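Chain by chain, the residues run as shown.
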Amino acid sequence: DAKTTQPPSMDCAEGRAANLPCNHSTISGNEYVYWYRQIHSQGPQYIIHGLKNNETNEMASLIITEDRKSSTLILPHATLRDTAVYYCIVRVVSSGGYQKVTFGTGTKLQVIP
Amino acid sequence: NAGVTQTPKFQVLKTGQSMTLQCAQDMNHNSMYWYRQDPGMGLRLIYYSASEGTTDKGEVPNGYNVSRLNKREFSLRLESAAPSQTSVYFCASVRDRGLGELFFGEGSRLTVL
Chain A
3 DAKTTQPPSM
13 DCAEGRAANL
23 PCNHSTISGN
33 EYVYWYRQIH
43 SQGPQYIIHG
53 LKNNETNEMA
63 SLIITEDRKS
73 STLILPHATL
83 RDTAVYYCIV
93 RVVSSGGYQK
103 VTFGTGTKLQ
113 VIP
Chain B
43 NAGVTQTPKF
53 QVLKTGQSMT
63 LQCAQDMNHN
73 SMYWYRQDPG
83 MGLRLIYYSA
93 SEGTTDKGEV
103 PNGYNVSRLN
113 KREFSLRLES
123 AAPSQTSVYF
133 CASVRDRGLG
143 ELFFGEGSRL
153 TVL
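In order, the protein sequence lines correspond to chains A and B. For the first sequence, this note's numbering gives the first residue as 3, with consecutive numbering after it. For the second sequence, this note's numbering gives the first residue as 43, with consecutive numbering after it.
Calculated directly from the structure, the hints in this document are not laboratory data. From a predicted model like this one, the values you see are computed outputs, not experimental measurements. Don't be surprised by glycine CBs; every beta carbon is placed ideally from N, CA and C. Honestly, I wouldn't trust all of these hints.
When the alpha-carbon atoms are kept at most 27 angstroms apart in a straight line, the in silico DSS-like pairs for lysine-lysine are as follows [stated by the list, open to error]:
1. Lys-54(A) - Lys-71(A)
2. Lys-110(A) - Lys-113(B)
3. Lys-71(A) - Lys-5(A)
4. Lys-99(B) - Lys-113(B)
5. Lys-5(A) - Lys-99(B)
6. Lys-56(B) - Lys-113(B)
Computed from the model, here is a short list of chain A residues facing chain B with C-beta under 10 angstroms [unchecked claim]:
7. Cys-14
8. Ala-15
9. Pro-46
10. Thr-85
11. Val-87
12. Val-103
13. Thr-107
Please model the complete structure; the sequences and the hints are all you need to start from.
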């Protein structure tokens, strides 16, 4: 699986868009980009994923660069409840069937009132 | 629909004691995982099971054993607990080797004295 790099922490004003970057310069063609978040010490929660096109759901938007070496998770109107650690991971879809999924240390997002 | 259920939620052990963390999912998922999370750190993969009857080591397998009892259940055993194994343990499952979001349990908080 490709390695990802994220800033350790970020602040965002409540009501503003939070843009969380992720670098995955060694990503290969069959790897998807996934984002999860972990609020306090709860189990991580899935947010969104994508391959090469931009994606949007009710929680967030995912922008993947054309060369796929980096991506940005966008929370359009951050609220205090979005304060969490955000993880960017890449996952291979292999014919061998194994899905070893590893997490890095993520970005701690603090939403400020 | 319970999702991923972990037991126990809290446990205190003395050094050298053994115990088993239980994990069960009711989503008919094929792949299951055990992670540990130490304070202020990200998730580290201990063991995973791509499908019933198979298990493989992750990043930090030393001191642990696992059993994929059936498709629903994946247990993690500490044979001789050490203080370094004090952590929060998360179980997760995913539908198949292909795409799909990881579903996490709420965690098991283990303290080894």
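Hint check results:
Restraint check for Lys-54(A) and Lys-71(A): satisfied, since their Cα atoms lie roughly 10 angstroms apart, inside the 27 angstroms limit. Among the hinted pairs, Lys-110(A) with Lys-113(B) is inconsistent with the structure: their alpha-carbon atoms are about 34 angstroms apart, more than 27 angstroms. For a cut-off of 27 angstroms, the pair hint linking Lys-71(A) to Lys-5(A) stands: about 11 angstroms separates their Cα positions. Our distance criterion of 27 angstroms between C-alpha atoms is met by Lys-99(B) and Lys-113(B), whose separation comes to about 18 angstroms.
With a C-alpha separation of about 18 angstroms, the suggested pairing of Lys-5(A) with Lys-99(B) holds against the 27 angstroms cut-off. A threshold of 27 angstroms between alpha carbons decides the hint, and for Lys-56(B) with Lys-113(B) the separation of about 32 angstroms lies outside it, so the pair is violated. At a threshold of 10 angstroms, the smallest CB-CB gap from Cys-14(A) to chain B is about 21 angstroms, leaving the interface hint violated. Interface restraint check: Ala-15(A) against chain B, minimum CB-CB distance 25 angstroms, threshold 10 angstroms, status violated.
At about 5 angstroms, the closest approach between the beta carbon of Pro-46(A) and any beta carbon in chain B falls short of 10 angstroms, and the interface hint on this residue holds. Taking 10 angstroms as the C-beta contact cut-off toward chain B, the hint placing Thr-85(A) at the interface is violated, the least distance being around 16 angstroms. The interface hint given for Val-87(A) holds, since its Cβ lies 8 angstroms from the closest Cβ of chain B, which is under the 10 angstroms cut-off. The restraint placing Val-103(A) at the interface with chain B holds, with a minimum CB-CB distance near 6 angstroms, inside the 10 angstroms limit.
Against a cut-off of 10 angstroms between C-beta atoms, the interface hint on Thr-107(A) holds, since the closest Cβ of chain B lies about 4 angstroms away.
The earlier numbered hints that this structure contradicts are 2, 6, 7, 8, 10.
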